[in-house]
Amino acid sequence: MIKINVITNNVKWHNFIKRPNSYIDRQVKKINLKNKNFKKKIIYCTLLLSGPKEIKNLNKKFRKKDKTTDVLSFPFHSKEILKSKINKEKEIYLGDIIINLNKVNSKKNLKTFKYNFDKLWIHGLVHLFGHNHKKEKDFKTMQSIETSYLKSLV
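Take the position in the sequence shown, starting the count at 1, then add 342; the result is the number in this note's numbering.
It is worth saying that the hints were derived from the structure and are not from the lab. Treat the hints loosely; a few may be bogus.
[Claimed, not checked] Capping the alpha-carbon separation at 27 Å, the derived lysine-lysine pairs in BS3-like fashion look like this:
no.: 1; residue 1: Lys-372; residue 2: Lys-406
no.: 2; residue 1: Lys-445; residue 2: Lys-425
no.: 3; residue 1: Lys-376; residue 2: Lys-409
no.: 4; residue 1: Lys-453; residue 2: Lys-383
no.: 5; residue 1: Lys-477; residue 2: Lys-407
no.: 6; residue 1: Lys-376; residue 2: Lys-406
no.: 7; residue 1: Lys-381; residue 2: Lys-421
no.: 8; residue 1: Lys-383; residue 2: Lys-477
no.: 9; residue 1: Lys-395; residue 2: Lys-432
no.: 10; residue 1: Lys-461; residue 2: Lys-403
no.: 11; residue 1: Lys-383; residue 2: Lys-445
no.: 12; residue 1: Lys-493; residue 2: Lys-372
no.: 13; residue 1: Lys-409; residue 2: Lys-378
no.: 14; residue 1: Lys-407; residue 2: Lys-427
no.: 15; residue 1: Lys-383; residue 2: Lys-450
no.: 16; residue 1: Lys-360; residue 2: Lys-493
no.: 17; residue 1: Lys-372; residue 2: Lys-354
no.: 18; residue 1: Lys-382; residue 2: Lys-425
no.: 19; residue 1: Lys-395; residue 2: Lys-427
no.: 20; residue 1: Lys-425; residue 2: Lys-476
no.: 21; residue 1: Lys-398; residue 2: Lys-493
no.: 22; residue 1: Lys-432; residue 2: Lys-421
no.: 23; residue 1: Lys-456; residue 2: Lys-378
no.: 24; residue 1: Lys-461; residue 2: Lys-407
no.: 25; residue 1: Lys-398; residue 2: Lys-381
Build the full structure now, drawing on both the sequences and the hints.
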C-alpha cells in the first residue's frame, strides 16, 4: 500500500485544494485499490507543496540548476536497492516529491488544476520508484506507468 505524507509550505495551495492531505489520501486510496503489487507492503513518501522560490532553491542546491521547475523528486534508494527492499522489507521509504504551485497549469479551472496536479505528483512518484526519462524507451515506460495510475483516479 502506498502512503503519502503531505506538507504544505505555501498557503496559496489551500486556494485550490482545501485539505491537501485528505485529497492525496483519497487519490492514493484509488491507486492502491487498482494496484495489487504492494498489498502487503507499506511504501511511503513525502510530498512537499511549495512555491517557486523554495523549489528554485532546492533545484539549485541539489541539481545545480538555478531555475524554477514544476516537480522535483529525490529518491531515497536506487532502483536496484529498492527492488531488493520490496522483496525483503514490509515498510519502505521511497523519498521526497516537491511540487511548485506556480507550475500547475489551469488555476482558473479547478477540475483541470487537480488533474494537472495529479499528473505532477504521480510523475514524481514514478521517479521515486527508480524510473527516469533520459532515454526514449525509459520515457515510454514511465509514461505507461503514469497513465495507468492516472486511470485509477477516474
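(Q) Under the constraints set out in the numbered hints, which ones does this structure not fulfil? (A) Violated: hints 1, 2, 3, 4, 6, 8, 9, 11, 13, 14, 15, 19, 21, 25.
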